[in-house]
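Residue numbers (the numbering used here), protein chains in the order written: chain A, 41 to 381; chain B, 41 to 381.
Watch out, some of these pointers could steer you wrong.
Computed, partial: chain B to chain A, Cβ under 8 Å [as the list claims (entries may be wrong)]:
1) S65
2) K66
3) G182
4) R251
5) E276
6) F290
Partial pick of chain A residues on the chain B-facing surface, computed with a CB cut under 10 Å [claimed, not checked]:
7) E228
8) D252
9) L278
Derived by calculation from the structure, the hints in this document are not laboratory data.
Here the structure is a predicted model, which is why all the values come from computation and not from measurement.
Every residue gets a Cβ at the ideal spot worked out from N, C-alpha and C, and that includes glycine.
Spelled out, the chains give:
Protein chains: 2
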Amino acid sequence: MRIALDVMGGDHAPQVTIEGAVMASKAYPEIEIILIGPEDVIERELAKHKDHNGFEVVHAREVIEMTDHPAQAVKTKKESSMVVGMQLLKKKEIDGFFSAGNTGGMLAAGILYLGRIRGVKRPALSALFPTMRGSTFLLDIGANADVKPDFLQQFALMGSLYAERVLKRPNPTVAIMSNGEEEGKGNEMVLEAYQLIKQLPINFMGNAEGRDLGLGNFDVIVTDGFTGNIVIKTAEGLATMTKALLKDAFKGDPLSMLAGALFMPLGFPRVKKATSADEIGGAPLLGLNGVVLVGHGSSSAYAIQNGIRAARDAVQSNIVAAITEGMSQVKVTDKEGAEVG
Amino acid sequence: MRIALDVMGGDHAPQVTIEGAVMASKAYPEIEIILIGPEDVIERELAKHKDHNGFEVVHAREVIEMTDHPAQAVKTKKESSMVVGMQLLKKKEIDGFFSAGNTGGMLAAGILYLGRIRGVKRPALSALFPTMRGSTFLLDIGANADVKPDFLQQFALMGSLYAERVLKRPNPTVAIMSNGEEEGKGNEMVLEAYQLIKQLPINFMGNAEGRDLGLGNFDVIVTDGFTGNIVIKTAEGLATMTKALLKDAFKGDPLSMLAGALFMPLGFPRVKKATSADEIGGAPLLGLNGVVLVGHGSSSAYAIQNGIRAARDAVQSNIVAAITEGMSQVKVTDKEGAEVG
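Isolated chain A, as found in the complex (with noise of 0.2 Å):
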């Protein structure tokens, strides 16, 4: 099996890219690890580390910051990392493509040069959020700002397929976000969607609210681009905080700073390991016509191999044919009983 990186992908990147993929090299060495970007970048990274057994690179000079404005950016640039990437996917020269690049670079890349699988409307951006118990597959976490009932829809579809495909997750429980648990707590465009994804087949539980987030009440929750980012984004703010807290916490007189020295290394490192994004790596970009997944800005080298490793997952899964298969045998109807979609 095939997976790219995008060398050039993440806020510390290439060092820690490059470290990232000798480590899933030798953790996954089932996995071919193919490196996107500038030869003379990579060579000089390479060159760091001794123990590996070399990488097939493919040559990429330009690429897209993360500062760069996506939809622009991966038209001018057509020799980035990203785009190289999606072409060879598209040629089905690679089998799966991860990056801690740019989301909307990757999202705009995938749709131009990818394509989307017959019938989804939207990719969504996703995130596997880790809650008390395990995690749970949020979508739509950024790619749809504003969305319709029946692009909500298809998060559930695609959602459902990728918990119980990749995540390995049988029946896999989908609630879709909003402001009360009850059937009729909604916005307008919840209430209609509801409606929508009330007639998949799947195992919908109807409303999720935002503290089921956290109590990992559902295998997936659905939401739009707007609303999945501000939570995401909430939870990162309140994970700094509550660091802030602790730290706080773990001062003023001897005893409490005591208590601090013995969980510091002790306690701490597991309930980081339970909350850190690193754990988890990528979150795919779904309804693109190819494995693709994105992790987050600040991957740690430990993230990149993991976001290697999940790219390896879906591949195994066969995520993208059971959308496509998904997509196919869906029928739904509106209120009067017309087909839509």
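Given chain A, work out where chain B should sit, using these hints.
Relative to the frame of chain A, chain B by itself:
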């Protein structure tokens, strides 16, 4: 100053509401606390407390339950504590009204029996969100699942006035919740509201992101009631998750258990105090023609005491007069230059 308490409001009413009233009467002897609820229940509960100077009691035999449909309940239960309280406020027989009961009921009763401030299109429900540096005033958190751009504009004005007058933040910073910090990021609603808010004579900083909440980067953040509700409940779920993870992290080995034994009585109360909704007690339903505050359903007696204090602060600051004046002065124009609102 006369502040009325809905004795029947909250998951632990009437025990903790009466206990909170007794606590408040000692902490804030300058407040005349009026208890609204069934006379016999109030007498029975007050009999458990010997250490108070008595309260004025207003009989209200009916109760709007947490499970009641708000709009329906306030029409049929005219002798409920919520309806009676709003009528007293309307007649200016009390200066402020606080309840930890059914928030939708308070909103519906407020709109029906008290009325809105002239010019206010929709009252907003608010929360003081605990952050790394104090708190952020967040509105709307659930009164309006669907909004229009000019509702958000009014929320921005009301929130700014509340932060300045009641929370005593000089020249408070105001931002609108969006899915990116740059101007131009947002869904259609936010993009339109942004242009309207820019025209207000307030300290508008542009877009906020979810992470700005925990980091405490703004005094006021404006959003629709759908998003605000999800954000608040996401934070609740994450707090529960963090508590559970910490509990686990203080288990497993003797040194971790020692760390927990030291942390729980020393550091943890500080973390709890910094993040507890009980410290804040209540947040206003802004836009009603009177001082109305609501508390969390699970309010403790201490939260009830703080809710009564928060109502006092709102009355002292003349917030209703300030919003009335603010509303009358604001003239905004739409894209074509025509006057709006």
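Hints and how they fare:
1. The criterion of a C-beta within 8 Å of any C-beta in chain A is not met by S65(B), whose closest approach is roughly 33 Å, and the hint is violated.
2. Because the smallest distance between the Cβ of K66(B) and any Cβ of chain A comes to about 29 Å, over 8 Å, the interface hint for this residue is violated.
3. Checking G182(B) against chain A: minimum C-beta separation of about 6 Å stays under 8 Å; hint holds.
4. Taken as an interface hint, R251(B) checks out: its beta carbon lies about 3 Å from the nearest beta carbon of chain A, inside 8 Å.
5. The closest approach between the C-beta of E276(B) and any C-beta of chain A is roughly 5 Å, which is under the 8 Å cut-off, so the hint is satisfied.
6. Hint status for F290(B) relative to chain A: holds, with the closest Cβ pair at about 6 Å, below 8 Å.
7. With its C-beta approaching chain B no nearer than about 6 Å, E228(A) sits inside the 10 Å limit, and its interface hint holds.
8. For D252(A), the interface hint holds, the least distance from its beta-carbon to any beta-carbon of chain B being 7 Å, beneath 10 Å.
9. Interface restraint check for L278(A): the shortest CB-CB distance to chain B comes to about 4 Å, inside 10 Å, so the restraint holds.
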